[in-house]
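Q: Residue numbers (our numbering): 1 to 280.
Hints are computed from structural coordinates only; laboratory data are not their basis.
One thing to keep in mind: the hints can contain errors.
[To be verified] So the derived label-pair ranges between C-beta atoms look like this:
{"hint": "1", "residue 1": "Glu132", "residue 2": "Met205", "range": "42 to 52 Å"}
{"hint": "2", "residue 1": "Leu164", "residue 2": "Glu25", "range": "31 to 41 Å"}
{"hint": "3", "residue 1": "Arg123", "residue 2": "Asp189", "range": "46 to 56 Å"}
{"hint": "4", "residue 1": "Thr165", "residue 2": "Ser22", "range": "32 to 42 Å"}
Remember, it's a predicted structure, so these values are computed and weren't measured experimentally.
By construction, the Cβ of each residue, glycine as well, lies at the ideal position given by its N, Cα and C atoms.
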Amino acid sequence: MKKTALTLWLICSACVQAQRVSESEVRAYADLWLSRNPLSARYREKQIIHPEIGSIELIQLGQAHLPLYLIRLHPQGYVIMNSDRRLKPVLCFSISGDANLENREDNALYHLLAVQGEKNAQRLSSTLTTTEALPQWNLRLGLQPMGEKIGDDPGEGDVIGPLLTTSWGQSNHYNEFCPSAPHASDQCDGRVPAGCVATAFAQVMKYHEWPYRGTGAMTHHDAEGNITGAHTASFSDSYHWWQMQDEYYVWGIEPQEAVNAVSELMYELGVAAKMDYEDE
Numbered sequence: 001m002k003k004t005a006l007t008l009w010l011i012c013s014a015c016v017q018a019q020r021v022s023e024s025e026v027r028a029y030a031d032l033w034l035s036r037n038p039l040s041a042r043y044r045e046k047q048i049i050h051p052e053i054g055s056i057e058l059i060q061l062g063q064a065h066l067p068l069y070l071i072r073l074h075p076q077g078y079v080i081m082n083s084d085r086r087l088k089p090v091l092c093f094s095i096s097g098d099a100n101l102e103n104r105e106d107n108a109l110y111h112l113l114a115v116q117g118e119k120n121a122q123r124l125s126s127t128l129t130t131t132e133a134l135p136q137w138n139l140r141l142g143l144q145p146m147g148e149k150i151g152d153d154p155g156e157g158d159v160i161g162p163l164l165t166t167s168w169g170q171s172n173h174y175n176e177f178c179p180s181a182p183h184a185s186d187q188c189d190g191r192v193p194a195g196c197v198a199t200a201f202a203q204v205m206k207y208h209e210w211p212y213r214g215t216g217a218m219t220h221h222d223a224e225g226n227i228t229g230a231h232t233a234s235f236s237d238s239y240h241w242w243q244m245q246d247e248y249y250v251w252g253i254e255p256q257e258a259v260n261a262v263s264e265l266m267y268e269l270g271v272a273a274k275m276d277y278e279d280e
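Just need the whole structure built from these sequences, with the hints factored in.
A: So this is what it looks like as structure tokens:
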């Protein structure tokens, strides 16, 4: 009886080890996955940029969690994949951002992956979990088109693209209505950055194109840092959503009406958030 139990344990252990994914396999899968993903092409100045596989790193977010593969893309972006074939291959990806996996309270990506790691550990420890690899890992079968559901778990095979079409920043064009800053960087063109809170909030409002206009006015007295004074905004003017572009090029010339539309929104949100404006 003991011999039988030991044999079964050895067989199960061998099956589990056999489902670990190597770096070369991850590279091959990610390369094919990107080629089939319509969201992987970025359109910039009428040029289509297709990301390429860069470095691959095995990362551990917690002692009890299975390691994950962090695949950095060139010129930018990343894909995070599971390292076990019994789990769905791709956890998340970005074509325009960089993966920050610092363990900080305000790092949403880290904590989302940590929660997913706990779920993965629970799933693999369950006696109901198969010891066989999921079919999505078999490149010989090919990959289904992105956006189609794979498997029986609702939503786990869906690729949800960015809801926002905008890719806004804080520098030139976005900060046209912001206070002057004598020591601002070149890309800010003599003004303070618009602020990360205003930039994020503005893009969500642009997505909904709401409200048509705000109400009232506000003055924020900034007494901190080297940029001080009263910052006043009137929210009663209408927002020209239709004139706002998805992207503005810092070093280029943009239509003035498009610049005014986005920079007014950014500044008013900065005042509403009581932004502490600084040179950088």
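Q: Decide, hint by hint, whether the structure agrees.
A: Here is how each hint holds up against the structure:
| no. | hint | in the structure |
| --- | --- | --- |
| 1 | Glu132 to Met205: 42 to 52 Å | holds, 47 Å |
| 2 | Leu164 to Glu25: 31 to 41 Å | holds, 33 Å |
| 3 | Arg123 to Asp189: 46 to 56 Å | holds, 51 Å |
| 4 | Thr165 to Ser22: 32 to 42 Å | holds, 37 Å |
The structure meets every hint from the earlier list without exception.
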